[in-house]
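Below, each chain spelled out in residue letters.
2 protein chains.
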Amino acid sequence: MVKHALPVTRAQDFAQWYQTVISEADMAEESGVRGCMVIRPWGFGIWERMQRLLDDRIRATGHENCYFPLFIPLSYFEKEAEHVEGFAKEMAVVTHHRLIPDGKGGLMPDPEAKLEEPLIVRPTSETVIGSAFARWIQSWRDLPVLINQWANVVRWEMRTRMFLRTSEFLWQEGHTAHATEEEARYETLTMLEVYRSFAEDCVAMPVIAGEKPENERFPGAVGTWSIEAMMQDGKALQAGTSHFLGTNFAKAQNIRFQNAEGQFELAQTTSWGMSTRMIGGLIMTHGDDDGLRVPPRIAPWQVVIVPMLRDTPDDATLIEYCRDIQRSISHLTALGEPVRVLMDVKPVKAATKRWGWVKKGAPIILEVGGRDMAGSNVSVLRRDQLYRDDGKLNSSIVNRDEFIDQVPELLENIQTGLHQEARARLRANIVRATSREEVSLRFAEKGDFNGWVEVPWCRATGEDLEEIVKWLKSLKLTFRNVPEHSDKTEGPCFFYPDRPAVERILIARAY
Amino acid sequence: MVKHALPVTRAQDFAQWYQTVISEADMAEESGVRGCMVIRPWGFGIWERMQRLLDDRIRATGHENCYFPLFIPLSYFEKEAEHVEGFAKEMAVVTHHRLIPDGKGGLMPDPEAKLEEPLIVRPTSETVIGSAFARWIQSWRDLPVLINQWANVVRWEMRTRMFLRTSEFLWQEGHTAHATEEEARYETLTMLEVYRSFAEDCVAMPVIAGEKPENERFPGAVGTWSIEAMMQDGKALQAGTSHFLGTNFAKAQNIRFQNAEGQFELAQTTSWGMSTRMIGGLIMTHGDDDGLRVPPRIAPWQVVIVPMLRDTPDDATLIEYCRDIQRSISHLTALGEPVRVLMDVKPVKAATKRWGWVKKGAPIILEVGGRDMAGSNVSVLRRDQLYRDDGKLNSSIVNRDEFIDQVPELLENIQTGLHQEARARLRANIVRATSREEVSLRFAEKGDFNGWVEVPWCRATGEDLEEIVKWLKSLKLTFRNVPEHSDKTEGPCFFYPDRPAVERILIARAY
Chain X
-13 MVKHALPVTR
-3 AQDFAQWYQT
7 VISEADMAEE
17 SGVRGCMVIR
27 PWGFGIWERM
37 QRLLDDRIRA
47 TGHENCYFPL
57 FIPLSYFEKE
67 AEHVEGFAKE
77 MAVVTHHRLI
87 PDGKGGLMPD
97 PEAKLEEPLI
107 VRPTSETVIG
117 SAFARWIQSW
127 RDLPVLINQW
137 ANVVRWEMRT
147 RMFLRTSEFL
157 WQEGHTAHAT
167 EEEARYETLT
177 MLEVYRSFAE
187 DCVAMPVIAG
197 EKPENERFPG
207 AVGTWSIEAM
217 MQDGKALQAG
227 TSHFLGTNFA
237 KAQNIRFQNA
247 EGQFELAQTT
257 SWGMSTRMIG
267 GLIMTHGDDD
277 GLRVPPRIAP
287 WQVVIVPMLR
297 DTPDDATLIE
307 YCRDIQRSIS
317 HLTALGEPVR
327 VLMDVKPVKA
337 ATKRWGWVKK
347 GAPIILEVGG
357 RDMAGSNVSV
367 LRRDQLYRDD
377 GKLNSSIVNR
387 DEFIDQVPEL
397 LENIQTGLHQ
407 EARARLRANI
417 VRATSREEVS
427 LRFAEKGDFN
437 GWVEVPWCRA
447 TGEDLEEIVK
457 WLKSLKLTFR
467 NVPEHSDKTE
477 GPCFFYPDRP
487 AVERILIARA
497 Y
Chain W
-13 MVKHALPVTR
-3 AQDFAQWYQT
7 VISEADMAEE
17 SGVRGCMVIR
27 PWGFGIWERM
37 QRLLDDRIRA
47 TGHENCYFPL
57 FIPLSYFEKE
67 AEHVEGFAKE
77 MAVVTHHRLI
87 PDGKGGLMPD
97 PEAKLEEPLI
107 VRPTSETVIG
117 SAFARWIQSW
127 RDLPVLINQW
137 ANVVRWEMRT
147 RMFLRTSEFL
157 WQEGHTAHAT
167 EEEARYETLT
177 MLEVYRSFAE
187 DCVAMPVIAG
197 EKPENERFPG
207 AVGTWSIEAM
217 MQDGKALQAG
227 TSHFLGTNFA
237 KAQNIRFQNA
247 EGQFELAQTT
257 SWGMSTRMIG
267 GLIMTHGDDD
277 GLRVPPRIAP
287 WQVVIVPMLR
297 DTPDDATLIE
307 YCRDIQRSIS
317 HLTALGEPVR
327 VLMDVKPVKA
337 ATKRWGWVKK
347 GAPIILEVGG
357 RDMAGSNVSV
367 LRRDQLYRDD
377 GKLNSSIVNR
387 DEFIDQVPEL
397 LENIQTGLHQ
407 EARARLRANI
417 VRATSREEVS
427 LRFAEKGDFN
437 GWVEVPWCRA
447 TGEDLEEIVK
457 WLKSLKLTFR
467 NVPEHSDKTE
477 GPCFFYPDRP
487 AVERILIARA
497 Y
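Protein chains in written order, with my numbering: chain X, -13 to 497; chain W, -13 to 497.
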């Protein structure tokens, strides 16, 4: 029996395990401010890697970064009825701009400094960016406008869970305007594909990309697409969304242009976003009972060297030996970038450091002691192959030069291995069903089934859709999306058997 | 007479010229939200370059990035009396977390959703980061803690000016905790030096680094150091600050550690920040009557190729010729990084594009027409040498391969040239004075003197300092700082001639 590094396993209590990984890997913590977290260096380092890699892809598809105000005047929200309906319930409202002494030794908002119009802390920026688009866009020559913003946003949450649901979170939001519907739809799907490939290639997170049904659309959108990832407890996590907004926001905000024939038209707009939620997805995709496992592409440090210091004069030689290894590794290239290698010389016991890096999920951990140095060796621990079959730690002693030569290949293997493992799980846990009873049974039996169900349906809308959603809700289920490029659909609708099915849709419990 | 690209020159109206550069170079614009601006792609691209280069230096000195909450509970501010005194007058206060219909077709804050304790949108994060430090720091082994955050902050401003004074701005704030005062003071000066070298080496902005007098200290600090840059109108711009906080914040927030002897001590803390203000400084340091001039290190695009398209079938060949040049340039390295080269193929007249890039301040603009292509040439425009002595545009035709070979050296020359030009101006415009009358006269005569005055002083404090500050204020002057490594000081204090001077201090009008 392996004794794992975490006090709780996934099988024992998945929700508790999730929180434990976050705290044991020093990723984040409660801040003392309601619903807001502190993202600590290891968690933030992962986010910075995600930012860098996703930002490169956003630029490569022709978008430019900008920055728009944190505050949005209340009146902006009153313009797009559906949009405000979707967000009005959960927004932070700024009403004053000064504090004064309250006469009891404390402070209070100054009644003299009440704002004429309250300001909303942005929950998303369609309205304020739309008003800029209206200024920028006059002629077809100004189109397309392709911009992106990295920002913090606030949606007031009563029940929060770190990275998955917090009142403040970090994200990027892309906003574009186009001359034609065709072009805007193409943009929407292009960014969906950017998210899909980013999730798969960088985060090693297999996802299903597809369109959401009507009831799951972004408030004010004509169509919403998402990528959905399967967590190890079988629940779905929406990991990125891309919206085709048609002319809804353009109408509300008067984004018009003169076309080549001199006539005025409404612009077609899109928006798309991915957030720090992705880090929650990373944990529940790759974590194990020893902590997090970070895919090398997004690991802040890919190789961590732990010298086994003994507080003796020999330590200096050992550190020099390790520095030399560090230098050699830092000149290597893996997965298209210089290898990121750290030497951990903190005044802490070597075993504590080893387990610290195991819990953080550094892809490769090198332990180097006097004996290793004497033999020109290093002891190598791969985070993705931590134990041998007999349950012992799978540490292997390798000649240092041989090891250095292998680093790029090792990192590539770990990246691929994590992806394959998660993909196999995703594939194995999507099943098809033919009746409502079958679905009820599957999800009723606790612990028996951890996966998603795919059913053929008629693409119901309006009240028909509402009825289905109500039934799903009674089982704590939701529609996820209609997978792109899914199998051809024949036969009757799963929900309304008197109608023909036109596509397949995924049903799951979700975060 | 040169006809310049901007409708207003620096000599005519410096303040108006500043706003004109920002709008003509598409850097930023008013957002419609009080005191907040929209930072457009060229302005934000410059900020991203500054971020990247400064972030590298912050990491290289051992700091790690984190993220702390946007909101700070009111009670946190009540703990450090001086600190809140300094900030309480200008903060955005969140009082509600929900909107409801107001019965008149609009929305209003829901009285049922009033927060028990108001939340402040962070004006700076000492208090919330200090409370995290109190959790993180138990033993001397946990020290030093060296962290940094890139974030938006809000300080309510009545009179705003883009990049220089806006209610919301972007910055980085470093926060560190140390076991000893010596170490914390060393950190404070290390970061001052990081700012100094960043300003000089990256932004080509000469600065004076030094300590602020007591009255200019950060609220709650024991000592504040700054870098001060001279704008072209002679005013000073504080471009970065580094604070030694002693144990003031540690006391207020109970940041204690057990030292090696087992006794509890208060930690010594520091904080330091640099903001989007730097972009305002960039404009007023390097801008000229044709717009901005961006030093190559922080230019989002260092070389811009403008093909002279004519809407004829020949365009395809010309574009191919330009793409080929672009490819060759993109493989070059200059100033330690790959050269950033853009080809501008927007559907706009070539002359409009040329002047657009002149106003934006791209370091090198290449214009390529059919005749250039036929001769394997390019027409080169250096933004820092825009006109010949006869006032004509200084465009020169160069063989394309020869030009490509020269690109790295050209960019290095432009970087150095801009720095030297600004440094010469700084040096020429700091004068010494021996009497209050002399200073009054210098600054009284409008337009005559655009610079700073350096005087020997006794390092006055308390009421003596207040008297001086009052006098300075009557002349619209402020103390800037006491330059590091300044000349030895002898003789009497400039302000109180019966006391000996101990150091030299700078006096200037300031932004």
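Hints in this document: simulated from the structure, not taken from any laboratory. Careful: at least some of the hints might be erroneous.
Put simply, identical chains are the same to the list, so a pair is met inside one copy or across any two.
As the list claims (entries may be wrong) - Lysine-lysine pairs mimicking DSS-like chemistry, simulated, CA-CA at most 25 Å apart:
1) K474 x K(-11)
2) K339 x K(-11)
3) K100 x K474
4) K378 x K339
5) K90 x K237
6) K474 x K335
Structure versus earlier hints - violations, ascending order: 1, 3, 6
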